[in-house]
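> Going line by line, the protein sequences match chains W and R.
Reminder that position 171 of the first sequence reads as 171 in the numbering used here, one-by-one numbering, no gaps.
Reminder that position 58 of the second sequence reads as 58 in the numbering used here, one-by-one numbering, no gaps.
Incorrect hints may appear among the rest.
Said to hold, decoys possible - Computed Cβ-Cβ distance ranges for the label pairs, DEER-style:
1. W:G103 <-> R:V49: 37 to 43 Å
2. W:G22 <-> R:R231: 55 to 61 Å
3. W:T225 <-> R:P205: 44 to 50 Å
4. W:R37 <-> R:T110: 55 to 61 Å
5. R:P194 <-> W:T197: 47 to 53 Å
6. R:Y45 <-> W:P18: 31 to 37 Å
These aren't lab readings, by the way, just hints derived from the structure by calculation.
Everything numeric in this text was worked out from a predicted model, so none of it was measured.
We put the CB at the ideal spot given by N, CA and C, even for glycine.
Number of protein chains: 2
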Amino acid sequence: MFDVIAFDADDTLWHNEPLYRGAQQQVLDILAHYHARDWIERRMYETEVRNLEHYGYGIKGFTLSMIETAIELTEGRISGAEVGRIIELTREMFKAPVELLDGVEETITTLAASHDLMLITKGDLFEQHAKIARSGLADHFSRVEIVPVKIRETYQSITAKHKINPERFLMIGNSIRSDILPVIEIGGRAIHIPYETTWEHEVVPEEELAGREFVRLAHIRELLTLIDQYRSR
Amino acid sequence: MFDVIAFDADDTLWHNEPLYRGAQQQVLDILAHYHARDWIERRMYETEVRNLEHYGYGIKGFTLSMIETAIELTEGRISGAEVGRIIELTREMFKAPVELLDGVEETITTLAASHDLMLITKGDLFEQHAKIARSGLADHFSRVEIVPVKIRETYQSITAKHKINPERFLMIGNSIRSDILPVIEIGGRAIHIPYETTWEHEVVPEEELAGREFVRLAHIRELLTLIDQYRSR
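Isolated chain W (complex conformation) (with noise of 0.2 Å):
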């Protein structure tokens, strides 16, 4: 049924996105005298995704922004030992554990003995392949494409360059913006596992999804019935 089945990594394989709000909430701990939780972290987001552009995903540019925020926030009154404090909170973020979301070991391991399995991340590049590494699961997978973004044309240029036929592609993540509607348009098919949390920019409003076919499981550990469901077929 499927040629190569491809995963995304952040929030579909490991935890990811805690790890961000964790340290942005340490951050508004820190900026707390200055103004309002909820206006601040308004604030921050805005400047993330303005940011986007130019520094796309990742610790780095999400640092960066945090501290662009808090500089226009505070005009100019935060101090270099505060901005010194956020820079080192996300500094820790780079040396935090990869953790492996439940059931995911098994059933990474168990496809990899019949399936050809890739791996497509968005994000930061030397970030990225750390996280890989330390995952453990590097090996279960034949390919690892880590892109700047996850648009229709990434999965075009994915399917070509490994002559694969997207009827015959299955992706699997947490992002219904990342992951699913792009492989649909391109005739890939999809499966969606959402994960506890969604980072605001990645959020699809339903309308959106009107007339999109794909399936959307509760849990990795569904995902082998589902697989032999379809090659029964």
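Dock chain R against chain W, hints included.
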């Protein structure tokens, strides 16, 4: 003679290092009232190299390292507004035009008509993609590899992946450490074209070059003649 000719990008095809050094000089101006320039410059270099392990190469890591150094050196006395100016300066680096080195456009265009060309560059995925797109050269390269570091294993994995015989692989670049030595180690050929300045971290002591066989050209314009000589052997 060669199945694939690969080029480095930064400071081989387009100017890059002066952008970093220019920004650094402006940051030194901002910090000049705290410490002696030479001393700050030395500390910045140390921070940058120490952080490479986490940040990798690129503008974002460079910016964070400069901010970190500034905070350390001033023991946190640097103002938020001054940090903001550092961010502003480095943000301009993202918008800087990609300026090709003299002779690059003609050489690459001519060579692409007769050879399979590849681009191998280390650095930030997002930044390198943007520069390649803006360079106007993308169509001349059949393959582009953006890698976190350029060591022996990098070239081994690239030649294996694309089924290239290392003996029929030629790499051209400005960095002896990243473009020349590891390629020679895997049995490939390399041509060194020094750039006007080399980042200290990329410099290789002359004694390490003993017995390493590679050609050094003063200018990329000399490349076509050299490759013709190889072919007619």
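> Next, verify each hint and record whether it holds.
Each hint tested on the structure:
Separated by about 41 Å at the C-beta atoms, W:G103 and R:V49 satisfy the suggested range of 37 to 43 Å. With their beta carbons about 59 Å apart, W:G22 and R:R231 fall inside the hinted range of 55 to 61 Å. For W:T225 and R:P205, the Cβ-Cβ distance of about 60 Å falls outside the hinted range of 44 to 50 Å, so the restraint is violated. One distance hint, 55 to 61 Å for the beta-carbon pair W:R37 and R:T110, holds here, with the actual separation near 60 Å.
The hinted range of 47 to 53 Å is satisfied by R:P194 and W:T197, whose Cβ atoms lie roughly 50 Å apart. Taken as a hint, the range 31 to 37 Å holds for the pair R:Y45 and W:P18, whose Cβ atoms sit roughly 35 Å apart.
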